[in-house]
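Protein chains: 2
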Amino acid sequence: MVQRLIEKIQDTKAPVCVGLDPMLGYIPEQVLEKAFDEFGETLKGAAEAVWQFNRELVDATADLIPAVKPQIAMYEQFGLEGLKVYERTVRYCREKGLIVIGDVKRGDIGSTSAAYAAGHIGRVKVGGASFAGFDTDYITVNPYLGTDGVKPFVDACSEYDRGIFVLVKTSNPSSGEFQDCLIDGRPLYELVADKVAEWGSASMDGAYSNVGAVVGATYPEMSRALRKQMPRTYFLVPGYGAQGGAAEDLRHCFNEDGLGAIVNSSRGIIAAWKKEEYADFGAGRFGEAARQAVMDMIQDINRVL
Amino acid sequence: MVQRLIEKIQDTKAPVCVGLDPMLGYIPEQVLEKAFDEFGETLKGAAEAVWQFNRELVDATADLIPAVKPQIAMYEQFGLEGLKVYERTVRYCREKGLIVIGDVKRGDIGSTSAAYAAGHIGRVKVGGASFAGFDTDYITVNPYLGTDGVKPFVDACSEYDRGIFVLVKTSNPSSGEFQDCLIDGRPLYELVADKVAEWGSASMDGAYSNVGAVVGATYPEMSRALRKQMPRTYFLVPGYGAQGGAAEDLRHCFNEDGLGAIVNSSRGIIAAWKKEEYADFGAGRFGEAARQAVMDMIQDINRVL
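Those protein sequence lines, which keep their order, are chains A and B. Residue numbering for the first sequence follows the numbering used here, starting at 693 and increasing by one per position. Residue numbering for the second sequence follows the numbering used here, starting at 693 and increasing by one per position.
Be aware that one or more of the hints could be misleading.
Copies of one chain are not kept apart here, so a pair can be met inside one copy or by any two copies together.
With a straight-line cut-off of 27 Å between C-alpha atoms, the simulated BS3-like cross-links for lysine-lysine are [to be verified]:
(1) Lys736 x Lys700
(2) Lys726 x Lys736
(3) Lys817 x Lys967
(4) Lys726 x Lys817
Hint data in this document are derived by calculation from the structure and do not stem from the laboratory. None of the values given here were measured: they were computed from a predicted structure.
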């Protein structure tokens with residue numbers, strides 16, 4: 693899987709990923725109004741607005757980028773109607789040739805993780821047949837339960853040529869509360885990183901592993917050390933832009949080969965039309981604003997590589 | 693919320709919870725066949741089988757128990773069709789007066805956790821209206837991202853009178869890999885426990901907090917220490933029965949008042965009909981086998997309290 697991701701990144705010259713995290717507050721009034729006119733101010737109406745918003749964003753940016761990362765919580769908040777649109781968005785993006793990283797942060801005891809893996813990156817057996825539920829290329833995984841909670845995801849990577857990004861060091865302000873705790877002088881996230889590298893050795897695809905790591909852009913010194921510690925692990929880097937990470941902070945997430953990381957931006961792209969910088973586009977041309985924001989982000993990141 | 697849970701536990705004299713984790717392998721042939729006859733060997737067929745299985749289990753046990761704990765992964769593996777049955781199961785159980793603990797183990801950065809909280813234990817705003825998506829009483833939460841990733845769930849507990857159980861020490865074999873790491877001489881799970889107690893103080897309901905903890909039955913010495921460390925925290929205790937935890941191991945999860953813990957069993961109840969002990973019921977009376985297994989479990993646990 694990771695080789696497909698690398699090819700897409702090289703084709704687009706863009707180690708970036710657009711986070712499809714559609715809060716209703718990011719969706720222009722005209723899109724909301726149309727959806728509410730049709731389905732009322734209901735979960736179905738909200739889901740329809742999200743879908744129309746996503747579709748325009750994807751249409752406006754798909755040729756520029758290798759991947760998208762829908763955050764499933766933003767769909768799950770609308771219950772089943774929202775999850776229908778999550779599935780529809782995943783399908784639409786894959787049809788457009790995009791690699792889809794489902795940001796689901798699942799993780800549980802072994803048998804339960806196996807069920808999550810089947811539903812998101814694998815297939816589930818039903819009698820003599822098998823089916824892919826949400827069918828994303830990659831998902832994010834939480835490591836708190838240890839090896840037996842992660843292994844079923846790694847197995848699915850190998851069996852179905854998919855990938856995962858395991859949370860190592862997250863981008864949020866309180867990520868250090870547990871992740872930075874020192875164990876024999878080393879922070880917990882480094883111990884997790886050791887395990888990620890070990891797990892990843894069971895699912896190599898060329899020079900890199902299908903088992904990647906989430907490493908926040910907001911802690912550049914830590915990502916520098918993690919890059920050295922996990923040379924064959926691809927990084928998914930959240931926190932660029934709206935969360936405070938700058939392009940200079942990202943340099944150390946990449947290897948000498950210019951590979952090794954894909955940087956996500958969500959709000960900075962999908963809500964670009966609300967930023968002063970892109971205000972000229974207006975709410976009516978929110979897709980074009982997102983496109984311009986993607987081009988600016990690519991330039992910003994390539995500048996420091 | 694926790695007071696409602698305590699009342700239900702006292703009414704039933706049963707500090708137990710049935711895990712509705714319906715793997716297809718647990719469902720008797722006649723239930724599968726009927727569902728496949730109607731909907732084929734499809735995701736919808738599998739979901740229908742799960743629903744019929746759940747309904748009979750709930751009908752057979754609801755008067756004996758305070759709560760059920762559906763594991764959402766077992767539904768999510770069947771994609772949208774599975775999640776429809778998750779929602780239907782939640783609704784059915786709540787109509788029967790059961791407290792429903794959604795075992796979802798969600799957790800992310802603040803804004804994302806807020807979306808999960810809205811979808812599972814809160815309400816989401818759509819225009820001038822608001823809706824509850826999955827509408828469970830409790831959910832389980834993963835603490836790896838720290839305070840800002842957990843706080844939105846705690847806020848929802850207070851606002852909507854709901855509860856959460858935060859993973860502290862899980863029941864699986866490799867739970868110690870990270871959770872037991874020593875930080876200044878104390879294991880990580882104790883640091884998490886400190887935080888759970890602190891978070892919980894913001895959502896008290898009588899003598900206990902709406903913010904509970906997941907503490908596995910499989911590590912009795914640890915649960916003894918955690919019980920002392922978090923006297924006002926309710927424990928959700930997985931791992932009894934099939935995972936290896938015995939009743940004697942559970943004693944220390946309870947406080948002197950006889951309260952403080954609810955013990956879950958999944959496979960041991962819902963697949964009781966497959967165990968030698970309950971073989972006389974046969975596959976046709978799997979509900980009655982589950983009922984007997986619940987009665988035996990209640991007796992087993994009350995024996996040591």
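Flag every earlier hint the structure violates by its number, smallest first.
1
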